[in-house]
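There are 2 protein chains.
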Amino acid sequence: MSTYKQTCTNLLELSNSKVTEWLASFDTVITDCDGVLWIYGNALEGSVDVMNQFKAMGKKIYFCTNNSTKTRAELLKKGLELGFRITEEGIISTAHATAAYLKQRKFDKRVYVIGSEGITQELDKVGIKHTQCGPDPMQGPLGEFMAQHLKLDTDIGAVVVGFDEHFSFPKMMKAASYLNDPKCLFVATNTDECFPMPNMVVPGSGSFVKAIQTCSERTPTVIGKPNPAICESLLNPKKIDPARTLMIGDRANTDILLGFNCGFQTLLVGSGIHHLSDVDQWRKSKDPEDKKLIPDLYLPKLGDLLPAIVNSQTGGSY
Amino acid sequence: MSTYKQTCTNLLELSNSKVTEWLASFDTVITDCDGVLWIYGNALEGSVDVMNQFKAMGKKIYFCTNNSTKTRAELLKKGLELGFRITEEGIISTAHATAAYLKQRKFDKRVYVIGSEGITQELDKVGIKHTQCGPDPMQGPLGEFMAQHLKLDTDIGAVVVGFDEHFSFPKMMKAASYLNDPKCLFVATNTDECFPMPNMVVPGSGSFVKAIQTCSERTPTVIGKPNPAICESLLNPKKIDPARTLMIGDRANTDILLGFNCGFQTLLVGSGIHHLSDVDQWRKSKDPEDKKLIPDLYLPKLGDLLPAIVNSQTGGSY
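Going down the list, the sequences are from chains A and B.
If you're matching positions, the first sequence starts at 1 in our numbering and goes up one per residue.
If you're matching positions, the second sequence starts at 1 in our numbering and goes up one per residue.
Hints may be right or wrong, so weigh each one.
Identical copies look the same in the list; a pair holds intra-copy or inter-copy alike.
No more than 30 Å apart at the CA atoms, straight line, and that leaves these computed lysine-lysine pairs for BS3-like [unchecked claim]: (1) 77 / 286; (2) 151 / 77; (3) 183 / 286; (4) 284 / 183; (5) 284 / 60; (6) 286 / 238.
The set of hints was computed from the structure by calculation and includes no laboratory data.
As the structure is a computational prediction, the values presented were derived from the model and not from experiment.
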């Protein structure tokens, strides 16, 4: 167990020797991507150097994202282009993990996909049949649509829901109708609620999942963080030691909670969704679920760790 | 308090004199429409006669629907065409009640509507500005859409969500962005989850509401059943006596729960969503919320009451 268990200790306030000691306390780093390593196409300042330093120190590195719109190959390409030294095996994504989940359960029917090509391409890679993604808008009045345009496919055995910018009423109606059969599986890539931006809010997969959950009156299997299912390939068989694994993230209810659920050390960075003010709220809250969101450690941004890492390797003052 | 409080007594099993006694125990009838009085365009067998008999007996009659797609005038027209003797004042609808809710609070900004013309026409009637309903599909890739097509209106002061067959990602994004301002009101006409049909499931307003609730991280004011807000005009000022009011419905978590919340007598009819098998589940459940769903009385369909009513008036055997 980490010395800093759920203390939200600011790494910038630790002494030189304490940081060196902490750096030796883990040998695996699992990190979220958006908001930690990059924001859209741009690497966050210092994040590439910090991650590559971790790798140079001999630590195992995994990028772990709830983003269901990209395949592992696409995420690898993006990471390499930004300068991260990462391999495809080092990428854990919900699109890939969802396909792996179905494959492992020998799923042999067809998947109704609410999502994007990240999901359909990963399904293709493991040979699972699926519907196509893209627009499916309402056609004509409701009565006419139900009578003439609603075509249900009898071979559907699972509904997978991820981020879908073409989410629509016909998709909701099809998903709810397929899920009316209790044998039809209901899998959600992740339940991230939204992505707040300066002048707008982008809905996250979680809002599509809640819509389908409500109209189908079914509860999905959630693959993404904070569900340990996303780390299934690391934890079982035991590729990593949870107590010597550091989870880094910017969203507490996915990244930090995954760390809590798996027994990892946790580091919250303030370059994305959650900040110290949120941690203060969870400290004051009486809800035990909120307590799980408090990280062991905190940094304004991952790049802030660079001087400490360099210092710990050269023995200089921090 | 009703003699049959939450006993789910089958009216068909009561003696002649008990039915006559029960008929005298209420002087107001509030009834749900879809699944009780009619299904789509067709009146359910005997429902017209029973409701008109209630009226002939001097009881006050209210039709109370969570359907947000129709105005009071449209519901009146439908009721009259099917043969029900009803007036516009006897129609309680979520579209009308939502407009009344905003008007009463002297709302003077513009409403962003996710819903249909039932809502916009009721807003027009009370002089409240609003956006138009209809299709708002995704245009181009997400990045391009956000940069070029997402036009936010600075005059929006409320987001109203009802049933919308043109529900789409751009609508979700706009609603979540408006609701990012904590001063922007969030009003849901109702939270009905879905409408199961023989070979398909039609998503209900509740599924759109949950989607917006999730991506906006806001909790809506719900106007419709089971929220007593829908009866605001009857209860305050006191137009009716709750103890002498009978609530009839086919959906326990809206109709019967409204009756529970308002202190009405309750009658579940088995011609729609919920049946005796559901009541059995709630009896067995340990969740106190489930207990609230158990009705006082039960009938397979409203029309089954006709012989008993006729009999009680003629004094014959039931």
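So, going through the hints one by one against the coordinates:
Taking the closest pair of Cα atoms, residue 77 and residue 286 never come within 30 Å of each other, the shortest separation being 44 Å inside a single copy and 53 Å across copies. Taking the closest pair of Cα atoms, residue 151 and residue 77 never come within 30 Å of each other, the shortest separation being 38 Å inside a single copy and 33 Å across copies. Within a single copy, residue 183 and residue 286 get their C-alpha atoms only as close as 39 Å, which misses the 30 Å cut-off; across copies the closest is 27 Å, which meets it. Proximity of residue 284 to residue 183 under the C-alpha cut-off of 30 Å is restricted to the inter-copy arrangement: shortest distance 25 Å between copies versus 43 Å within a copy.
With identical chains, the CA atoms of residue 284 and residue 60 are never at most 30 Å apart, being 35 Å at best within one copy and 52 Å at best between copies. Proximity of residue 286 and residue 238 under a CA criterion of 30 Å is satisfied in neither setting, with 35 Å inside one chain copy and 40 Å between copies.
In the structure shown, a violation is registered for the earlier hints numbered 1, 2, 5, 6, in ascending order.
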